[in-house]
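Asks: Residue strings, one per chain:
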Amino acid sequence: MKTSTFFRSTVLVALAAASAIAAPMTTGKADLKSAGPLAFGPDGILFVGDSMSAKIFAIDTEDRTANASGASLDVKGIDAKIAASLGTMPDQISIKSVAVNPVSKRVYLSVARGKGADSIAVIVRLDASGKISELPLDNVKYSSTSLPNPAERANQRMDTITEVRYVSGKVLVAGLSNEEFQSNMRSIPYPFETVDKGASIEMYHGSHGRFETNSPVRTFVPYSINNQQYILAAYTCTPLVKIPVSELKGGAKVKGTTIAELGAGNRPIDMIAYQKGGHEYILMANSNRGVMKLDAAHLDTYKPITAPTDVTGVPYQTLDDWKDVKHLEKYDDKLALVLSESNGANDLRTVALP
Amino acid sequence: MPFCKIALAALLLPTAGLAASVSIQLDHGAFKVVGWQPTAEPESRWSSIFSIYAGGGTSWADVPPVFGSYAVENNTLTFHPRFALSAGVTYRAVFHPPGMEAIEATFAQPGPNVNLIEPTRVVAVYPSANVIPENQLKLYVYFSAPMQSGNVWPKIHLIDENGKPATLPFVELEQELWDRQQKRLTLLFDPGRIKRGVKPNVDMGPVLTEGRSYTLVIDPELKDGRGLPLAETFKRKFSVGPAERRGIDPKRWKITEPKSGTRDALVIDFDRPLDYALLQDVFQVKGVPGESNIGSGETQWRFEPIHPWKSGNQTLIIDMALEDLAGNRIGRPFDVDTIDNPTERITKTTTQLSFKVN
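Chains as they are written, first to last, in this note's numbering: chain A, 1 to 354; chain B, 1 to 358.
Rather than coming from a laboratory, the hints here were simulated on the basis of the structure. Keep in mind that this is a model prediction, so the values were computed, not measured. A few of these clues could be false.
Computed list of lysine to aspartate or glutamate pairs in EDC-like fashion (alpha-carbon distance at most 20 Å, straight line) [to be verified]: (1) A/Lys326 x B/Glu291; (2) B/Lys235 x B/Glu174; (3) A/Lys293 x A/Asp321; (4) A/Lys326 x B/Glu41; (5) A/Lys33 x B/Glu174; (6) A/Lys131 x A/Asp63; (7) A/Lys131 x B/Asp62; (8) A/Lys115 x B/Asp179; (9) A/Lys33 x A/Asp127; (10) A/Lys115 x B/Asp62; (11) A/Lys326 x B/Asp219; (12) A/Lys55 x B/Asp264.
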């Protein structure tokens, strides 16, 4: 009798301790109204940016089998294959984002079935042979957090989430409003707290001469310099900027340090950071310039660019044969994953990191 | 021995007439194999003997089957597609159990009847005035019905008075800036090309030049939510005036105060046009419900209360998100001059104006 009471109370104490730190996930239907930017957190948790409902979802994919490397993929016409699986034509779907689970190396894509305001949010994933299956969103373990949208002005105003990344226990969300000109970043602790207290962070890119600008962040990637966590962000008017993650606090006005000028007419889409042959590089995909490979060896030593100048800062080369890249993700230590568009079809393939 | 022969015959008899009476039917969005008695699900699953394919195009060979679930309902093998069938798409169903020839059926879903539908059109572009500043920040395009999103950029152009299209005038975000109903599209002029002293400005030059005129052209190939084109090409001409670089100053507004006991409009005339979308929601007369209207090329805001005005001091609350056409806000120009005017951090989200009702 005494023994069992002791055991029961010990178990209760242990349970209480465990629930205090456990992520508050529920099992049920993750009611995504749109599936936009994707990013993986730890342990197979997939973050999804849902602009329509102004929420970030964290979905447990239960995809935790570790693989050091991934199978090489070459899926031609992946848009046609996804459309067919979803029972419709390729011009009736949009592939929104691509993510690779760093644990298993499985590829996930967020897709809109339909292109109207009533389009259906779908997440699909590939197996090693490139076969497509749906990630079920009902009866799944998930949690979500709402992004503030000024309630008084919720009529037609919407924040479009443009990128989501997980770094150091925080989900970073870049967004752009369709009304007031505001490019904002939110830093949301994960596991999500019940009340999102984070104010938005105003992103200014480094001043050129005298003037600062609140400019849309097009893409960003977490990066570590001398064991300090940064993000590297690329803007619509081309500079590449580094920002310490420690500065990304709610309510802050953050001005990154410009470390590279990449030329006019550049529209950055995606960036990845990788190592090859003991050197560090950044690969940046642009809408009309192909892919640029930047030497990231000494990002801490490049002087910030503050004057209009032709000097580019970080040295880079353009890879002419990487064409029409729409999405670029890191796949494993040797390969990148590229979604490209040519002749109206989307192809998904793994490519050796250059 | 004779027992075996009877058993064999018993097996053969049902299949002999079977192929002739088996068909695939589409019933309320579900595909059914009619005339075939389902046995236990094969080890290779129902999908190995009954699959549906969408589209097809020129070749069905490389098309994976439609996602869905199988059930035996009323002794009939039924496939429920994961998503509702799409209009205008042809579906091909194939039933091929072992020991039987394959049966196929195609089902063409009807598309929208173009003749019965009112085509969608652009109903308005804001700003409504014909002259915009050289540093105009955005345009709002309003459509008469919800639109499809995706791939809009090849169908939207800005053409100068010589017929030359501007190169990349707008920020071509893949996600696009629609409202939730996809009836309004926000076009953002590339801020890098507007800003002074920013490299793309130096290299490519500003999009708009004072003294010149430009036409916004929207091709009819831009599809509405039903997949149909717009009624016609939309064109809207703008002339370009000088840049607006001052912060908004509410002290420069002219307020026409209403009389007490009336429901006369409170009228505010601005010193310059302001952003049409933001004008819808940034003003609030504290404690007074009513209806507002925007007029005179977005240079005027009128407010009529539901109940007659009470005399005394009234407060107009203004959301600091308010912008003019160039993105300047209250007390804060869009271009923050870090040398002449070190940036003062504005933390408040609203400001107020008092007016008196006599």
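Asks: Hints first: check each against the structure and report whether it holds.
Replies: Here is how each hint holds up against the structure:
| no. | hint | verdict |
| --- | --- | --- |
| 1 | A/Lys326 x B/Glu291 | violated, 45 Å |
| 2 | B/Lys235 x B/Glu174 | violated, 24 Å |
| 3 | A/Lys293 x A/Asp321 | holds, 12 Å |
| 4 | A/Lys326 x B/Glu41 | violated, 42 Å |
| 5 | A/Lys33 x B/Glu174 | holds, 18 Å |
| 6 | A/Lys131 x A/Asp63 | holds, 16 Å |
| 7 | A/Lys131 x B/Asp62 | holds, 12 Å |
| 8 | A/Lys115 x B/Asp179 | holds, 14 Å |
| 9 | A/Lys33 x A/Asp127 | violated, 26 Å |
| 10 | A/Lys115 x B/Asp62 | violated, 24 Å |
| 11 | A/Lys326 x B/Asp219 | violated, 24 Å |
| 12 | A/Lys55 x B/Asp264 | violated, 42 Å |
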